[in-house]
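From these two lone chains plus the hints, build me the complex, please.
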Amino acid sequence: MIRYDVLKTLLPVLDDSLVVCNIGSPSQELASLADRPGNFYMLGTMGLCSSIGLGLALAQSKPVLAIDGDGSVLTNMATLATIGNNPVGNFVLLIIDNGSYGSTGDQPTYASGKTSLAAVASACGCETVIECTAEETAKVVKDALASDAMTIIVSKCESGNVAVPVIETDPVVIAHRFMAEVAR
Amino acid sequence: MPKQIDQQIVDDLVSQGIDFVTSVPCKQLAGVLEVIDQTTAIKHVPSNKEDEGMGLCAGAYLGGMRPAIIMQNTALGVVVNTLATLIQFYRMPLPMLISYRGEVGEKVACQVEMALHTKALLAQLHIPTYHFHRPEDVAELPGILAHTQMSKKPTAILTDASFWGAAQ
Ligand SMILES: [Mg+2]
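Protein sequences, first through last, are from chains A and B.
Sequence positions in the first sequence follow our numbering and run 1 to 184.
Sequence positions in the second sequence follow our numbering and run 1 to 168.
Hints listed in this document are in silico derivations from the structure and should not be mistaken for laboratory results.
Just to be clear, a hint being listed does not mean it is correct.
[Stated by the list, open to error] Below 30 Å or equal to it, Euclidean Cα-Cα: the simulated BS3-like pairs (lysine-lysine) are:
no.: 1; chain 1: B; residue 1: Lys-153; chain 2: A; residue 2: Lys-62
no.: 2; chain 1: A; residue 1: Lys-142; chain 2: B; residue 2: Lys-43
no.: 3; chain 1: B; residue 1: Lys-43; chain 2: A; residue 2: Lys-62
no.: 4; chain 1: B; residue 1: Lys-152; chain 2: A; residue 2: Lys-62
no.: 5; chain 1: A; residue 1: Lys-62; chain 2: B; residue 2: Lys-49
[Unchecked claim] Just the calculated beta-carbon pair ranges, DEER-fashion:
no.: 6; chain 1: B; residue 1: Gln-149; chain 2: A; residue 2: Asn-85; range: 40 to 48 Å
no.: 7; chain 1: A; residue 1: Ser-61; chain 2: B; residue 2: Val-80; range: 19 to 27 Å
no.: 8; chain 1: A; residue 1: Asp-143; chain 2: B; residue 2: Gly-165; range: 50 to 58 Å
no.: 9; chain 1: B; residue 1: Val-80; chain 2: A; residue 2: Asp-16; range: 32 to 40 Å
no.: 10; chain 1: A; residue 1: Ala-78; chain 2: B; residue 2: Gln-149; range: 22 to 30 Å
no.: 11; chain 1: B; residue 1: His-44; chain 2: A; residue 2: Ala-123; range: 17 to 25 Å
[Unchecked claim] The following residues of chain A were derived to be distant from chain B, with all beta-carbon distances above 10 Å:
no.: 12; residue: Pro-37
no.: 13; residue: Tyr-110
no.: 14; residue: Lys-114
no.: 15; residue: Ala-163
Virtual Cβ for every residue (Gly too), placed ideally from N, Cα, C.
Next comes chain B alone, as it looks inside the complex (with noise of 0.2 Å):
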């Protein structure tokens, strides 16, 4: 059952022109998921690995549409050449909402492993990075979306557990 957290987030998307959205899911971002695909206004093509997902975004922002991927953060393991190579060498914005596994409120403990290179990974691509940590950093959402395509560069929006955790 999506939260309200989920409905603002997807709202902030639209209200900022997202129309098109790729995904592998993350149990943190299920409602998200659940709510993106009660919405018409975006079209929801999941992906099986992320960089396909953001061969998709890059062919869906040649033909006009405003893409966005939907992730884990250890998939950043998988995306950096494609993010070399692809979104950042021709110049595509596309806003990464990524589910910061392995903060503290963490069950498992294998995900700790890839939290400690996320932040180290985005800094080493030169990727604008922004942290939820609170459910009130949620309000930076629209004007991160606005940079985002003003910039024409990937940028990674971290949610961890405890944003999850308390937002309502």
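Isolated chain A, as found in the complex (with noise of 0.2 Å):
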């Protein structure tokens, strides 16, 4: 399964969570897959996704699911830090590991080598953290949903995009119908 695939598994348990999905093939993956209001992409700021919806996930109380990729993790990996040392329990960030970076060719990152995205989270105080095969990854993301606890998720797919057209909507849109979501 390519993070394509994991997506679509997606669907079904997003419910009303809130998403904060990654710039990139991520984002107009998931905005081709199923639009919705609740969905915020990013459309620029390489490897904020999770701090993003760690504010996100502070200021408010909904679920938030931030749809973090392996490449954008590594850019801002203090963010792992920071989000293991505020926990908030309607926080999950699933980070979709495909050893690369899917947007620029699938360039292989450091996550597909020596480097270990769950030993570090947890190395970074976050509590709950599960590593999960593609095919594992809905089930674990509903849990944590449901659950009181942050996770962490760790989603080991395989490298691969699919030729979805660009976002086209403008971010101030994205920005006003989020939050007239967030405020229903």
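The following block contains the structure:
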């Protein structure tokens, strides 16, 4: 399974969760699979998906799923220390770890080498860290969203992208409809 | 030990509805941070780097809070992309309370190097910029914070060594 397949399995478990989605292919694939007002698509700013997700979870009580990637988390690895030290029960960080920079041509990341992001998350103080297969991911995410424990999930999947259009929705529209969904 | 000016700045933040603060510390801003940590009306989540902090602020804003970031001017070298592609692109209000290191009174020569670029970078990014040089300049803070929310822009409040040195 590649990222697109994992995202497809997630759709039935999202319910009314707020989703913050990583820049590039992940956001484009999610938007083409199932656009919804509760999706915040990152159009720029590599690395900050998990930070936006944590800020959102701290600010309000609805469940938050940040769909991040291995390359993005490596870019902003200190985020795991901030997350570990500021646990909040409505936050789930899903790191789709395909071992590559998917949006830029599938160049390998260090997560495909010696680096374990699950081990880094644990060392940073995150108490519930689950590494799972691509096939297991939807079930693990469903349980994590329903639980009161902040959860970091590292989903190991294959490298690869699906050709989908870029997101043309204006960023101000994305933010506006998302904030209306938060307030709903 | 915080000074009266530190308390006044935090009181202004609270009165203007700022309820979420992230920070990367600077010696000049230590008193403000100390008061913030004693202020229950503000949730303070320290960050490791300022771009990460702006991500936290973006999330808090989307979640209905009013964030601010406290940082040093050297960090403008870190956050240019984040300001342009996140805070400005999505039109998010974000007051940046900035320690303006490298101005007259500075003891560390290296700090002067980024001071030279500070206002140029802010001007290049079209960020409304306010410079607190004398203690009485702090009276502008509530208006600046209200202006930030109204315009939905990042704004920069530069606070230099003369300001902190003379403030009570
Ligand atoms: Mg990847």
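- Going back to the hint list, which numbers does this structure go against? 6 and 7
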